[in-house]
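Visitor: If you read the protein sequences in the order shown, they are chains H and W.
Read in order, the letters of the first sequence correspond to residues 539 to 871 in this note's numbering.
Read in order, the letters of the second sequence correspond to residues 2 to 482 in this note's numbering.
Hints were generated in silico from the structure; no laboratory data involved.
Since the model is a prediction, treat every value here as computed from it, not as a measurement.
Don't take each hint at face value.
As the list claims (entries may be wrong) - Computed from the model, here is a short list of chain H residues facing chain W with C-beta under 7 Å:
1) 640
2) 663
3) 692
Every residue, glycine too, gets a C-beta built ideally from N, C-alpha and C.
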Amino acid sequence: MATTLSRVTASPDPEEEELDLELSSLRAKICKVRSRKRILTSSLLTTDPVQKLLRNPAQVPTSLNNIAAISPLVHAAGAHTSSNHHRIAFSATAFPFKDPSPTATVTNLLGLRLDVCTRNGRFTKPYYVLLRQEPSHTAAGSAKVLKVHRHTVPSFISIPRLERVYLPRAHTSHKNDDREGSAEDEAEAADPAKPWKKSSRAVLEQDVRGFVRELRRELVAWHMRTDAIDFLREKLGLVGEDGEPQPFDVSPDRDTGIVSLAAAALEARYVRLEWADGRVGRFKLSNAGIVERAVVIGDEGRDKKTEDAMTGGGGRVETVLDRLKVDVSSKSP
Amino acid sequence: MARPKTVRAPTTASLPHNLRIPSTAPSLAKSLGKLSRQALLDLAFLWLDDRNVTSFPPYLQSDQHDDKVDDEALPYPAGETIEEVRRAYEDLQDRKGAKREVLERILEGDWRHGITLRQLAMADLRYMDDHPASLRWTALELSRIDTKHKKSKEVPSVDWSSSIPRMQAATFVQALQREISPLVKAHYHLARSATLPLTFLRIFVVDSPYQSPRQTAEIFADSSRVIYIAFPDSCPYVYTSITAPTGSKATPSTTSAATDTRTLQRLVRDSIPKALSRPQERFSLQATSLAAKNLPTLLALRGPGRSTASNGAFSIFADAAIEGSPLDPRPSSTVSAEEHIRTSQSDQADDKENTDLSTSKRPHGPDPGSLCPELKKRRLAIDSRFGTLGSSLTPAPLDRLDIRLLDALGSGQDQSDEEDESVSTLPAISLTFTGSDVIAGIRKLAELGIVDPERMPSWMTGEEGVSVATVRQGRPLQKDK
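Make a model of the complete structure from these sequences and hints.
Guide: In structure tokens:
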């Protein structure tokens, strides 16, 4: 027995290898079909007719009298869809979370979930912020203030800075109003657009809405910037069919002569450009998608004309290549 | 190649890139010998690349006339053209052989006139790319020194982007050189990491410019004189290979007048924030009590990504392991964490992820459904405490964890925060965990039932993301208190 085993492992039969390959591919196919089946069943359970049927059990046909057996599933599916609808529609949703640590001072956390939709129609990994309610010791009495406990926001968006403005705490301020106790309620009642307008009156007001709004705006702006850069790269043909970046030796774009365009860092605030004739450039993207500033340097110093073409004409980043095209065609004849 | 004797005066110039180290130096062979055969070949091709070959020209036959060495005695005859040298390495690439062969060809053949400092730096960085755990890194946080603190609060800016100094690597090196050149003679090499989102700066510190007798060749390949600084993309952190200045108290050696490598390293470290600062925008470096051998760990715990501020129990949020995208019709309780992570990681590669499903099914342990209720309960507790940390899903190994416990003996949870009464009889207990992955080890202990997953304090789950902590009543003490 042992000898046969060793023989098999020593010289793998090509036929056997082929069979193994076939087996694994079949297994993968089964998995694929199975997950598809799961998605389809869940979608089916969430459809309107099924959900309606559940709400009016009187209409259930007698042939489907086993609906009682599957009703937990349908209920779960219904709850899931409605929370999904909220996430899609409002983008920011809240949920409770319990800190499992036995040594934590505050175990009940307020979770915020932000969903951002990107260019390909998919949603990114949700961003979370977990807020902790802390008693604040002020002269006016003890009250609860919110504080950011944990978050998954990329670190180039400064959570401490946002927190300082929208969720100020007692010891950062000199004023001790006792209005902060109902900070949340007040924030909702107050005009959420301009929290700093009334900062002279009540510094301690915590504005959770404003916090979420600004944070979401910053996150969406970041995704829009990366999307805009991806869009430009696709237009230039710098991205291959499968979404993978092409190797370095790409031929320059015919109209503009650009050989490379990429974000300078993860934050995608600055974009670096390279032309075939050796000019290099860099432009700054604003949150609104406008080319704010541009610098192009060639062998003979700054290329002001290209810079103006990039920032001029409304400055939209999506059309920056068209403007450069016009610029090139007007220069060459 | 003996240079004519010249008058030596201290200058503030950095060491030139093309300063050659004699290739006979044994330490040079040692530091190049750390590399694998493939890495050596890649380096040789890189050096012979059209863009680089002017910086590191190989030894050719045309160089021979001013050398009186008998060529026949040498095992590697000099090539006629660069093309020929390239072909020699391509031949080596094609056939299998020992690493020794390539190394000897480089040192005794094509670069027998010496390896430049820049070549050595490239070799070192290549080694770092291949072995990301070869050095111990300390994470430091860049924080802005805000002089007008109060004023800036009254007028909230609309710019919420973090205070990351916008760094042009070349400009930074210039500024750094301006800072330290009166005190330190050094060689600088900047490179982008091939595998990680990092920019490396390798500073090779030789000496102070005033004490510059002729250096022996040995000193140039001395790895203790090399300082690495890594700048991760888009986040206010800097990683250095300089060990934390804990030993600074024990350096009364002022007599040796700033020539030992320690002092020179400290000088470099102090000048990093100054070089990053600009008028009206000053930065300082602050310790973040994290040091680890693995660069990916540092990137996960002090990097630009999601897991910087949520670890331990909260790593489920960082990895988005409990809920899927809002477009997923499946209720999230029916989808395993692995699937959630995988789907959100590879949004585009649908086909790939489906083939993965069969291979990576339930990596840890048997299905919870088949376990006895007690085990099931423990597993649930472990999952809730550790999140995805320490499992095979998110590898961010911490190789060392130092904990100082400040609890008085027998003190219960109900003891209030009166600190002064316990000072006198405070037994300080220091715990040090070392290993390839400390948090995964604690998780395994909990799985085996040795550690109670429900009652252990949060520092055991890696929640704070630190490698050094002082703990009182299960909670790490805040630095700023």
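Visitor: The structure should be examined with respect to each hint, and the outcome stated for every one.
Guide: Checked hints:
1. 640: holds, 5 Å
2. 663: holds, 4 Å
3. 692: OK, holds: residue 692/H within 7 Å of chain W, min 6 Å.
Every hint from the earlier list agrees with this structure, and none is contradicted.
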